[in-house]
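A.B. asks: Sequence:
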Amino acid sequence: MIFITERDLKDKYRKNPFVKFQLQSNNRLTPEARQFLLDRKIEICDYQEEENYPEPESCQDETSLEEPCFMKEEYDNKTIYHVNLLVADLYEVAVLLKDQSFFYSQTLFRIGEATKELVIYDPDCPKRVDNEETIRKYYLEAMDYEKITPIHVLGENGVILVKLERIRQEFLLLSCNPSLQTATIYQFVKEITEIISSILGEMKPCQKKTQT
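Residue numbers 2 to 213, in my numbering, belong to the letters of the sequence shown in order.
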């Protein structure tokens with residue numbers, strides 16, 4: 002049994018708007034998905050009623066989501082520019098860190114290269130869509146982090162920390178785009194958090210002078 006979610010339908014509709022949706026025998030719509038179709042006055046073709054429609058094969062080919070595992074997405078310019086700015090920020094911090102930690106510097110360069118691929122549109126190379134359980138798992142791991150404070154940013158590596166925090170939040174902002182809400186982005190957030198945590202761990206706590 003395959004449950005089709007509202008997100009599945011949104012991705013399908015964004016790529017190719019449709020007026021009919023053909024359910025396969027092993028498909029079921031979630032309540033949110035059914036409401037999505039009703040709101041847009043999209044006709045739902047139940048598989049039992051297939052013979053009632055003059056062009057059932059066409060309906061099935063255009064709107065079926067029997068295996069919603071892959072998607073082809075063409076992103077708007079705003080999203081592409083957003084990603085390009087994020088990549089530039091990653092490269093900048095990678096350069097700033099190269100003398101302190103070659104490993105973290107290379108990690109940021111690697112994330113930057115992988116980030117560019119998030120919005121590369123190739124109609125012959127569909128992207129895998131993570132299931133909701135996987136996304137939630139990575140999301141919860143990514144959101145488990147310590148927030149930086151003014152005390153942190155006033156330290157020796159304050160500028161780097163601010164830039165890394167900005168990068169972390171930019172990734173989370175990108176994930177608000179349904180088509181970019183992937184385990185990959187949350188994995189990037191987790192790696193950025195590890196770098197931030199390492200820098201915070203190296204900072205010496207402020208100590209007040211005691212009077213004798």
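Fair warning: there could be bad hints in the mix.
Stated by the list, open to error - Cut-off 30 Å, straight-line C-alpha distance, at most; resulting in silico cross-link-like pairs (BS3-like, lysine-lysine):
hint	residue 1	residue 2
1	K191	K138
2	K117	K21
3	K42	K16
4	K79	K117
5	K21	K138
6	K138	K117
7	K99	K13
8	K148	K42
9	K148	K164
10	K99	K11
11	K138	K148
12	K42	K99
13	K11	K42
14	K148	K191
15	K11	K191
16	K11	K117
17	K11	K21
18	K13	K117
19	K117	K99
20	K21	K99
21	K42	K21
22	K164	K138
23	K99	K16
24	K11	K148
25	K164	K13
26	K16	K164
27	K138	K11
28	K164	K117
29	K117	K148
30	K42	K117
Unchecked claim - Pairwise CB distance ranges (calculated):
hint	residue 1	residue 2	range
31	M144	A89	37 to 47 Å
32	F4	Y92	35 to 45 Å
33	L97	F4	45 to 55 Å
34	I121	E195	18 to 28 Å
35	P18	Y82	33 to 43 Å
36	N132	V20	36 to 46 Å
Simulated from the structure, these hints should not be mistaken for laboratory data. Positions of the beta carbon are idealized from the N, C-alpha and C atoms, including for glycine.
A.B. asks: All hints, please: hold or fail.
C.D. replies: Status of the hints after comparison with the structure:
1. K191 x K138: Holds - the C-alpha atoms of K138 and K191 are around 12 Å apart, at most 30 Å.
2. K117 x K21: Measuring from Cα to Cα gives roughly 35 Å; hence the hint is violated.
3. K42 x K16: holds, 18 Å
4. K79 x K117: The hint holds at about 14 Å.
5. K21 x K138: Violated, at about 34 Å.
6. K138 x K117: holds, 24 Å
7. K99 x K13: With a Cα-Cα distance of about 43 Å, the restraint between K99 and K13 is violated, given a limit of 30 Å.
8. K148 x K42: violated, 45 Å
9. K148 x K164: holds, 13 Å
10. K99 x K11: The hint is violated at about 42 Å.
11. K138 x K148: Cα-Cα ~20 Å, so holds.
12. K42 x K99: violated, 56 Å
13. K11 x K42: holds, 14 Å
14. K148 x K191: With a Cα-Cα distance of about 13 Å, the restraint between K148 and K191 holds, given a limit of 30 Å.
15. K11 x K191: holds, 27 Å
16. K11 x K117: holds, 23 Å
17. K11 x K21: holds, 14 Å
18. K13 x K117: Holds, at about 23 Å.
19. K117 x K99: Holds, at roughly 21 Å.
20. K21 x K99: With Cα atoms ~55 Å apart, K21 and K99 exceed 30 Å; violated.
21. K42 x K21: holds, 9 Å
22. K164 x K138: The given pair, whose Cα atoms are some 26 Å apart, holds under the 30 Å limit.
23. K99 x K16: violated, 41 Å
24. K11 x K148: The hint is violated at about 33 Å.
25. K164 x K13: At roughly 36 Å apart (the allowed maximum being 30 Å), K13 and K164 break the hint.
26. K16 x K164: Violated, at roughly 34 Å.
27. K138 x K11: Holds, at about 22 Å.
28. K164 x K117: Given pair K164, K117 holds - Cα atoms ~19 Å apart, limit 30 Å.
29. K117 x K148: holds, 26 Å
30. K42 x K117: Violated: K42 and K117 sit about 37 Å apart, past 30 Å.
31. M144 x A89: 37 to 47 Å: Because 25 Å falls outside the window, the suggested range is violated.
32. F4 x Y92: 35 to 45 Å: holds, 41 Å
33. L97 x F4: 45 to 55 Å: Given range 45 to 55 Å: holds, Cβ gap about 46 Å.
34. I121 x E195: 18 to 28 Å: Distance hint for I121, E195 holds at roughly 26 Å.
35. P18 x Y82: 33 to 43 Å: violated, 25 Å
36. N132 x V20: 36 to 46 Å: About 28 Å separates the Cβ atoms of N132 and V20, which means 36 to 46 Å is violated.
Comparing the model with each numbered hint stated earlier shows that hints 2, 5, 7, 8, 10, 12, 20, 23, 24, 25, 26, 30, 31, 35 and 36 do not hold.
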